[in-house]
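Visitor: Here is how the chains run, residue by residue.
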Amino acid sequence: MRFRITVDGEVHDIEVEGLGPRLVIRVDGAEYRARVGKESAGSVVRIGPRRHHVVIRGSQVLVDGTAHRVETDSVESTGPASGVSGAGRVVALVEVRPPMPGRIVKLPLGVGATVKRGQILAVLEAMKMQNEIPSPADGTLRTLGVKEGESIPGDRIIAVIETR
Amino acid sequence: MIRRLLIANRGEIAIRIARTAREMGITCIGVYSEADRDALHRKAMDETVEIGGPLPADSYLNARNLLKAAKGTRADAVHPGYGFLSESAGFAEACKEAGLVFIGPDPKAMSLSGDKIASRKAMRAAGVPVTPGMDRVVRSVDEAGEIAARLGYPVMFKATAGGGGIGMSRVDRSSDLRAAFESAQSVARANFGNPDLFLEKYIERARHVEVQVLVGRRGRGLHFGERECSVQRRHQKLVEETPAACLTPAQRRRLCETAVKGFLRIGYRNAGTAEFLFHGGRFTFNEINARLQVEHPITEMVTLVDLVRQQILVASGLDPEVSQDEIHGHGHAMECRINAEDPLRNFLPSPGRIVGYREPAGHGVRVDSGIAVGSVVPPFYDPLLAKVIVRGRTRPEVVDRMARTVADFEVLGVKTNLPFHEALFRERAFQRGDLWTTMISDLRIVERMHGRGPREERIAAIAAALAAGRGPEALARALPLQRLPPPAWALAGRKDLHGGADAIPHHRRR
Chain A
0 MRFRITVDGE VHDIEVEGLG PRLVIRVDGA EYRARVGKES AGSVVRIGPR
50 RHHVVIRGSQ VLVDGTAHRV ETDSVESTGP ASGVSGAGRV VALVEVRPPM
100 PGRIVKLPLG VGATVKRGQI LAVLEAMKMQ NEIPSPADGT LRTLGVKEGE
150 SIPGDRIIAV IETR
Chain B
0 MIRRLLIANR GEIAIRIART AREMGITCIG VYSEADRDAL HRKAMDETVE
50 IGGPLPADSY LNARNLLKAA KGTRADAVHP GYGFLSESAG FAEACKEAGL
100 VFIGPDPKAM SLSGDKIASR KAMRAAGVPV TPGMDRVVRS VDEAGEIAAR
150 LGYPVMFKAT AGGGGIGMSR VDRSSDLRAA FESAQSVARA NFGNPDLFLE
200 KYIERARHVE VQVLVGRRGR GLHFGERECS VQRRHQKLVE ETPAACLTPA
250 QRRRLCETAV KGFLRIGYRN AGTAEFLFHG GRFTFNEINA RLQVEHPITE
300 MVTLVDLVRQ QILVASGLDP EVSQDEIHGH GHAMECRINA EDPLRNFLPS
350 PGRIVGYREP AGHGVRVDSG IAVGSVVPPF YDPLLAKVIV RGRTRPEVVD
400 RMARTVADFE VLGVKTNLPF HEALFRERAF QRGDLWTTMI SDLRIVERMH
450 GRGPREERIA AIAAALAAGR GPEALARALP LQRLPPPAWA LAGRKDLHGG
500 ADAIPHHRRR
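If you're matching them up, the sequences are chains A and B in order.
For the first sequence, position 41 (counting from the first letter as 1) is numbered 40 according to numbering that gives the first Met the number 0, and the numbering increases by one without interruption.
For the second sequence, position 213 (counting from the first letter as 1) is numbered 212 according to numbering that gives the first Met the number 0, and the numbering increases by one without interruption.
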């Protein structure tokens, strides 16, 4: 599943694969493999060689003793592992937006192409640099909202990726 | 002595210049675009003037608006900072004509320095060794092919009107020439308004070493030692240090004296930097930067000389405060550029609002920052947020100190390259001082990064604890759901570039 989490005012996009106790967590695309165990007060989350103690108290979450203000929203289920049983696969459409206005100088893929997470979808010329926009997920390039050579504003959707 | 200085820049450098000017009793006038109405640098000034819309062309690059602001505030001098109009001979000339003291070289020297082909020729004539290349504009791919065959691959296209590492295109074989030629022309045209290119031999595993020079009004040239800026990504510097570990004292002396000779030959005045490539035990001229460099603070840390102060003195018709005999470098210093970029997403710029900010501190730590909590990092400008500068007695001490300092620097709300710096400082080659300009990509430092640091891992732990054993419906019930408003920064500039009023919230009329 996917959701947005705000920790101390900073927003992050979270993807979760698996139901537990072994989970794959992606925080803004960075992958962590976690093992969650229940404790008397809260959970122990093992990531790599480290153990984190997490206690959830309403919108205050303690991690290893330090309190953080946490809110969530935009919860979506994606794929069979999210608990949607049987009836059909759930498909998510992910919009890819530019971080700022600029000019599309290259579109290496065509509509219908299979993409992998991190694969370059577009090259945007802006802020003195040629910025490579990566795909946020594995899937198929469903639509392209821009053309090569086009100058685009910051709210244009560059591409939509259909994930499975 | 000048009395009212207009600082034609923004962010950390505007603040840094204002600090020195105010120490000298000079009134500081700052400028800001619509996107920078709440910018931190405004608070560092005695007065500020709004100079136009968010796009640089309408504000920080708009000479007419800047000169109007200078006239309206009765400024008697202008400091251009770095970037923007700092190397525009046209702007320097316009300031001169308006009766404003320009803190930098005169238009003619600036013009020469800004023409990379002309500066190569001038240096060659001055007896300075120059990186092998062709000192004329390449008119066609065929011509490029002939020149490249003579120089021997690999070669590099460079913009003659360029600089700052922009618009350089390496070519390894003739079949790649056309694509590189066209790409370099496109970037040159977009950034400098001039697509002209020349060709240089590409030197593998070179180190970038530059010399800080200051020429007094009576034509007396001083140098403040060298800086090594070999840690780069796509020709953009990320870490700089002084002294350069690769030079012997004799090489250092020869390099610095050569740089001074070069500047004197072209009639340069005020501060400037001569960049060289160091390879095979020798150095060859690369380009001149007719401005104060981003990395100037590391020179200040080891020499204790305030370079902006010297710039202002010289521009005011006075002598620098030190003679060559009085300039000594003590110990070692390093700088890390902290940019609003995401190293896990190809360093994609990450504009946004800073919701958490904690600067590092301690013995031998200096932070030149342009942001604070609540600052908006707009999408229109360079992504540099702050510079962390560290000094110490030895290079190993400075490496340890910088690693600690970077780990202590907390910036929340935008992605930064802080985790990249942490990864770099763990690299053995870097710790040993074994540096070269393509080391970041050659060592695959970014590819080997997995996360963005300990804080992100804690966030993953929170997410895991919330999600374990819960589907979406149960998760939605587990925590109070907030309808998060779109972050304010998301509205910044998100209107049509051509026409529509921009939607920057939180602006106030002063």
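Possibly wrong hints are sitting among the right ones.
Claimed, not checked - Label pairs and their in silico Cβ distance ranges:
| # | chain 1 | residue 1 | chain 2 | residue 2 | range |
| --- | --- | --- | --- | --- | --- |
| 1 | B | 172 | A | 141 | 36 to 42 angstroms |
| 2 | A | 92 | B | 144 | 20 to 26 angstroms |
| 3 | B | 177 | A | 36 | 16 to 22 angstroms |
| 4 | A | 54 | B | 329 | 27 to 33 angstroms |
| 5 | A | 161 | B | 174 | 33 to 39 angstroms |
Since the hints were derived computationally from the structure, they do not count as laboratory data.
We treat Cβ as the ideally placed atom computed from N, Cα and C, and that holds for glycine.
Visitor: Find the hints from earlier in the document that the structure breaks and name them by number, from lowest to highest.
Guide: 2, 3 and 4
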